[in-house]
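Residues in the sequence shown are numbered from 2 upward in steps of one, following this note's numbering.
Hints are supplied without guarantee of correctness; some may be wrong.
Said to hold, decoys possible - Here are the simulated distance ranges between beta carbons:
#1 Gln-158 to Ile-66: 34 to 44 Å
#2 Ala-58 to Met-14: 24 to 34 Å
#3 Val-57 to Leu-35: 20 to 30 Å
#4 Trp-39 to Arg-111: 26 to 36 Å
#5 Trp-30 to Thr-103: 20 to 30 Å
#6 Val-57 to Thr-103: 32 to 42 Å
#7 Gly-37 to Trp-62: 18 to 28 Å
#8 Trp-30 to His-155: 20 to 30 Å
#9 Thr-103 to Thr-50: 37 to 47 Å
#10 Asp-94 to Val-57: 19 to 29 Å
#11 Thr-95 to Thr-56: 38 to 48 Å
Worth flagging that the hints you see were computed from the coordinates, not collected in a lab.
Glycine included, every Cβ here is placed at the ideal spot set by N, Cα and C.
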Amino acid sequence: VDGITIAGNLKRMFAAIDMSQADALIAVWHAKLLYGYWRPVTAIPLADTDDNPATVADPTWTPMIATPAYPEYPSGYNVVTAAISRGLEELFDTRHLDLTLTSTAVPDIRHYDSGAALRQDVVNARVWLGIHFRTADTVSRDLGQRLAEWTVSHYFQPIHDD
Numbered sequence: 002v003d004g005i006t007i008a009g010n011l012k013r014m015f016a017a018i019d020m021s022q023a024d025a026l027i028a029v030w031h032a033k034l035l036y037g038y039w040r041p042v043t044a045i046p047l048a049d050t051d052d053n054p055a056t057v058a059d060p061t062w063t064p065m066i067a068t069p070a071y072p073e074y075p076s077g078y079n080v081v082t083a084a085i086s087r088g089l090e091e092l093f094d095t096r097h098l099d100l101t102l103t104s105t106a107v108p109d110i111r112h113y114d115s116g117a118a119l120r121q122d123v124v125n126a127r128v129w130l131g132i133h134f135r136t137a138d139t140v141s142r143d144l145g146q147r148l149a150e151w152t153v154s155h156y157f158q159p160i161h162d163d
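The task is simple: from the sequences and hints, build the whole structure.
Right under this line is the structure:
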């Protein structure tokens with residue numbers, strides 16, 4: 002593989018990943034403003050006001066980190082993580098990604114051997130931190146993956162000099 006081919010592949014990778022990420026963020030922010038779901042920090046202490054007899058309020062519950070001041074659904078962090086990791090899997094035609102990431106939420110360095118492992122960890126982390134309900138995270142993860150798959154299969158196709 003020569004330098005021109007590598008440069009072209011890198012350009013394709015960055016373009017496809019950036020477009021997937023941009024589309025994901027546009028979709029998430031549109032949905033956040035459309036649905037306006039309350040976050041756990043509000044919903045759990047006020048669960049007795051939701052007209053659902055199956056929920057019980059816990060007025061002492063608090064999240065592990067500060068809650069963002071915008072609607073809960075869907076999860077922006079999950080959609081971006083999924084779009085990037087799935088896009089890389091698609092572009093390199095592999096489910097094995099060797100990723101080492103440093104967390105900004107907790108002092109930790111984590112290693113992942115696949116995009117699937119990273120995506121599952123991010124879903125769980127956002128729930129465990131107390132800033133999302135699981136549905137917001139899983140829906141966003143799935144959306145990010147679909148956006149990346151579509152983008153890679155429709156745009157920025159490799160050019161073959163045949």
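Query raised in the report: Is it true that the C-beta distance of Val-57 to Leu-35 lies inside 20 to 30 Å, as the hint says?
Result: holds, 29 Å
Query raised in the report: Between Asp-94 and Val-57, is the Cβ distance one that fits in 19 to 29 Å?
Result: With Cβ atoms ~48 Å apart, the hint is violated.
Query raised in the report: Does the Cβ distance between Trp-30 and Thr-103 fall inside 20 to 30 Å?
Result: holds, 26 Å
Query - Whether the CB-CB distance between Trp-39 and Arg-111 falls inside 26 to 36 Å - result: Taking Cβ atoms as reference, Trp-39 and Arg-111 lie about 30 Å apart, which means the hint holds.
Report task. Given the hint of 20 to 30 Å, check if Trp-30 and His-155 actually sit that far apart at their C-beta atoms. Result -> With a Cβ separation near 22 Å, Trp-30 and His-155 satisfy 20 to 30 Å, so the hint holds.
Report task. Please test the hint of 32 to 42 Å on the beta carbon pair from Val-57 and Thr-103. Result -> holds, 38 Å
Report task. Please test the hint of 18 to 28 Å on the beta carbon pair from Gly-37 and Trp-62. Result -> Because 21 Å falls inside the window, the suggested range holds.
Query raised in the report: In this structure, is the beta-carbon distance linking Thr-103 and Thr-50 contained in 37 to 47 Å?
Result: holds, 40 Å
Query - Distance restraint evaluation - Thr-95, Thr-56, Cβ atoms, bounds 38 to 48 Å - result: holds, 43 Å
Query - Consistency of beta-carbon spacing, Ile-66 to Gln-158, with hint 34 to 44 Å - result: holds, 41 Å
**Report entry** Satisfaction of the hinted span 24 to 34 Å by the C-beta atoms belonging to Ala-58 and Met-14
**Finding:** Given range 24 to 34 Å: violated, Cβ gap about 48 Å.
Hints 2 and 10 from the list above are not met by this structure, while the remaining hints are.
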